[in-house]
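A.B. asks: Got chain A sorted already, so can you dock chain B onto it with the hints?
Protein chains in written order, with UniProt numbering: chain A, 1 to 476; chain B, 1 to 249.
Among the clues, some could well be false.
[Said to hold, decoys possible] Some chain A residues near chain B, calculated using beta-carbon distances under 10 Å:
| id | residue |
| --- | --- |
| 1 | Val414 |
| 2 | Ala418 |
| 3 | Gln427 |
| 4 | Leu428 |
| 5 | Phe429 |
| 6 | Glu451 |
Note that these hints are calculated values from the structure, not bench results.
From the three backbone atoms N, C-alpha and C, an ideal C-beta is built for every residue, glycine too.
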Amino acid sequence: MDANAKPVTKSDVSALVALDRDVFDHADTEKHTYKSVPGLTEELVREISKQKNEPQWMLDLRLKGLHHFLRTPLPDWGPSLKKLNFDEIIYFARPDAKQDSTNWEEVPKEIKTTFDRLGIPKAEQQWLAGVGAQYDSDVVYHKIRDDLAAKGVIFEDMDVALQKYPELVKQHFMTNCIPVTDHKFIMLHAAVWSGGTFIYVPKNVKVDLPLQAYFRMNAKKGGQFEHTLIIVDEGAQLHYIEGCSAPQYNANSLHAGCVEIYVKKGARMRYSSVENWSKNTYNLNTKRGIVEENGLLEWVSAQTGSGVTMLYPCSVLKGQYAKADHISIAVAGKNQDQDTGAKVYHLAPHTSSIIRAKSISKDGGISTFRGHVKVIKGAKDAKVSVKCDALMVDAISVSNTFPYMKIMESEVDVAHEATVGKIDAEQLFYLMSRGLTEEQATQMVVAGFIEPIVKELPLEYAVELNRLIELEMESH
Amino acid sequence: MADLEIRNLHAAIGDKEILSGISLDINQGEVVALMGPNGSGKSTLAFVLAGHPKYTVTKGSITFQGKNLLQMKPHERSRAGLFLSFQYPSEVSGVTVSNFIRTALNARLPAPIKIVEFAKRLKEKMQLLNVDSKLVNRYLNEGFSGGEKKKTEMLQLSLLEPKLAILDETDSGTDVDALRVIGEGVTKIAQSTNMGILIITHYNRILHYIQPHQVHVLVAGKIVKSGGAELAHEIEKHGFDAMKAKEVR
Numbered sequence: 001m002d003a004n005a006k007p008v009t010k011s012d013v014s015a016l017v018a019l020d021r022d023v024f025d026h027a028d029t030e031k032h033t034y035k036s037v038p039g040l041t042e043e044l045v046r047e048i049s050k051q052k053n054e055p056q057w058m059l060d061l062r063l064k065g066l067h068h069f070l071r072t073p074l075p076d077w078g079p080s081l082k083k084l085n086f087d088e089i090i091y092f093a094r095p096d097a098k099q100d101s102t103n104w105e106e107v108p109k110e111i112k113t114t115f116d117r118l119g120i121p122k123a124e125q126q127w128l129a130g131v132g133a134q135y136d137s138d139v140v141y142h143k144i145r146d147d148l149a150a151k152g153v154i155f156e157d158m159d160v161a162l163q164k165y166p167e168l169v170k171q172h173f174m175t176n177c178i179p180v181t182d183h184k185f186i187m188l189h190a191a192v193w194s195g196g197t198f199i200y201v202p203k204n205v206k207v208d209l210p211l212q213a214y215f216r217m218n219a220k221k222g223g224q225f226e227h228t229l230i231i232v233d234e235g236a237q238l239h240y241i242e243g244c245s246a247p248q249y250n251a252n253s254l255h256a257g258c259v260e261i262y263v264k265k266g267a268r269m270r271y272s273s274v275e276n277w278s279k280n281t282y283n284l285n286t287k288r289g290i291v292e293e294n295g296l297l298e299w300v301s302a303q304t305g306s307g308v309t310m311l312y313p314c315s316v317l318k319g320q321y322a323k324a325d326h327i328s329i330a331v332a333g334k335n336q337d338q339d340t341g342a343k344v345y346h347l348a349p350h351t352s353s354i355i356r357a358k359s360i361s362k363d364g365g366i367s368t369f370r371g372h373v374k375v376i377k378g379a380k381d382a383k384v385s386v387k388c389d390a391l392m393v394d395a396i397s398v399s400n401t402f403p404y405m406k407i408m409e410s411e412v413d414v415a416h417e418a419t420v421g422k423i424d425a426e427q428l429f430y431l432m433s434r435g436l437t438e439e440q441a442t443q444m445v446v447a448g449f450i451e452p453i454v455k456e457l458p459l460e461y462a463v464e465l466n467r468l469i470e471l472e473m474e475s476h
Numbered sequence: 001m002a003d004l005e006i007r008n009l010h011a012a013i014g015d016k017e018i019l020s021g022i023s024l025d026i027n028q029g030e031v032v033a034l035m036g037p038n039g040s041g042k043s044t045l046a047f048v049l050a051g052h053p054k055y056t057v058t059k060g061s062i063t064f065q066g067k068n069l070l071q072m073k074p075h076e077r078s079r080a081g082l083f084l085s086f087q088y089p090s091e092v093s094g095v096t097v098s099n100f101i102r103t104a105l106n107a108r109l110p111a112p113i114k115i116v117e118f119a120k121r122l123k124e125k126m127q128l129l130n131v132d133s134k135l136v137n138r139y140l141n142e143g144f145s146g147g148e149k150k151k152t153e154m155l156q157l158s159l160l161e162p163k164l165a166i167l168d169e170t171d172s173g174t175d176v177d178a179l180r181v182i183g184e185g186v187t188k189i190a191q192s193t194n195m196g197i198l199i200i201t202h203y204n205r206i207l208h209y210i211q212p213h214q215v216h217v218l219v220a221g222k223i224v225k226s227g228g229a230e231l232a233h234e235i236e237k238h239g240f241d242a243m244k245a246k247e248v249r
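Looking at chain A on its own, in the form it has when it is part of the complex (with noise of 0.2 Å):
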């Protein structure tokens, strides 16, 4: 499925997922040469820009973006968002460190021992082609691979793209992909965006192996707002893994990230992710990308942490033939609330999506799959594929499925499934009975239910999901 994935060694893996709670959720000793003070302002969104020297347009869709977040109510759906108070959070914090280093020894050295714990530098240098790593609200380190930026791909720290390609980043940022207004998450991300990751694949380039951002959120009652924006040009091929995690404090965090892909006639993009919030953190996120004729966007995502999620990537398939596939896997644990799926907007003939998710719920948690596609009058021969299953592990949790549909169209192929199902005790004695412990027991099952997803993913991902998985499982 996945032309990128290359095998990697036995010890790579152990490497990259010798994942520990602790390896999370500690924090490190706050430095930070500009931190602002709690809450949101006209003042900090002007003072944000002006540090980073934007042009002025990009200040105009800052406040643009502030002007309407403080007009526009808390959606009216959903997990409840009543206990994020948007005055407590710090939304500019920069980690005392130069940006953007190519080396990881100029890296300050306790956010370098922060990325090696989480096995960045070591991914890197085995099966990654490029990586940028943001500590709170600047990119500490960005680098890829010489013949990859020869060949002209662009891998930046997005604050330096807007500096760097001014034209190329005004064309594209949240203009038809994400607009400013689109809803009151983003724009909260417009107003005060740091950071982030900007690609551009240059026409019939393939990259051949993943390009990788990881985000960390280390400042108490912090907020993440790193931006993303993805170009694959005409026949270009790109595979992009985004990973993040963040402390955990007493107070909320909030993560409003925002995702634009664009994937240009002929080109392939996949996008996957491993989000790890800690469980205080709201991460309210946005994923979009525009499909051009015969263009493929897959979206793998997997959602372990955070306390409350709402993220539903979405796939616009503009151009005749253009596919989207979208996996998704989400656990909810003790006090989370993953309110998670996917959205297809089928808008030529023969286009396809297939939407394949799978959700764990266990101690109580909550998770809510939301699927959303809809095909346009004309959009004749698209092809619609949705799958959901949900397993609950115990019987105070929780699972709800609302798929949505909307077909303009009448020669449409549409197919929709969905199963709820529990873990059975007599499964669980048999498997008991073999000498598994009840809580080996269950991750089995648990892990047999997500396997048919796991395994279409390239391996050292595979195991990292599948060690994540493990460690939620674990009883704490």
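C.D. replies: Chain B only, in chain A's frame:
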């Protein structure tokens, strides 16, 4: 003291008593057959031995090699060397037979078995039990025929090498050829590991392939008759009704 000692065992589901005072001894190296009509409590005994939470032991004791089995959790019983071959094993989607057996084996080993070593042992036992090579890469019991399920149970048994195996209706849903392979395979394993076997069966088909040292007949939760291998032949000829009649008389 026998390896497995069951004394005056009473067990119930809810308020309904199913076993009403069973006493039974089994030693390693011995083959004991427990026969009886449907509903006599044979499978209940098997589940009680394995620690199924659905059943409550209301009276009596079970010791396994001197340890109080009733205080042990199902996985502890398994690790102590008890194995139950299920009449109707559960399906587990997404987990291959081979992955499952390796996990079960590792659960009882001080250090995980090397993958190469496991593959070697697995292949050996698959040959012994004439198991199709594709079977171990399929998801556990999912879409398996009756015979395939029973063979998978025996494959687990052969790799986990228990001290005592309980074979619950291994001959039901199994064709003659498969039953012969299973019978011969289990006999070989028992001989090489000195495993004790408790065979639970309605018919005595399986007893043609595994020779019992002792036969007990269970009717309505009680052992009504005990004897040697000849008792199985008697049942084959006259059925259980004759036993019931004797009991009444």
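A.B. asks: Could you run down the list of hints and mark each one as holding or not?
C.D. replies: Taking the hints in turn, this is what the structure says about them:
1. Nearest Cβ of chain B to the Cβ of A:Val414: about 26 Å, over the 10 Å cut. The hint is violated.
2. Interface restraint check: A:Ala418 against chain B, minimum CB-CB distance 16 Å, threshold 10 Å, status violated.
3. Taking 10 Å as the C-beta cut-off, the interface hint given for A:Gln427 holds, the closest approach to chain B being about 4 Å.
4. Residue-level restraint check for A:Leu428 holds (minimum Cβ-Cβ distance to chain B is 9 Å; threshold 10 Å).
5. Annotation: A:Phe429 was flagged as interfacial toward chain B, and the flag holds, the nearest CB pair being 6 Å apart, inside 10 Å.
6. Hint on A:Glu451 holds. Least Cβ distance to chain B is approximately 3 Å, under the 10 Å limit.
Violated hints, in rising order: 1, 2; the structure is consistent with all others.
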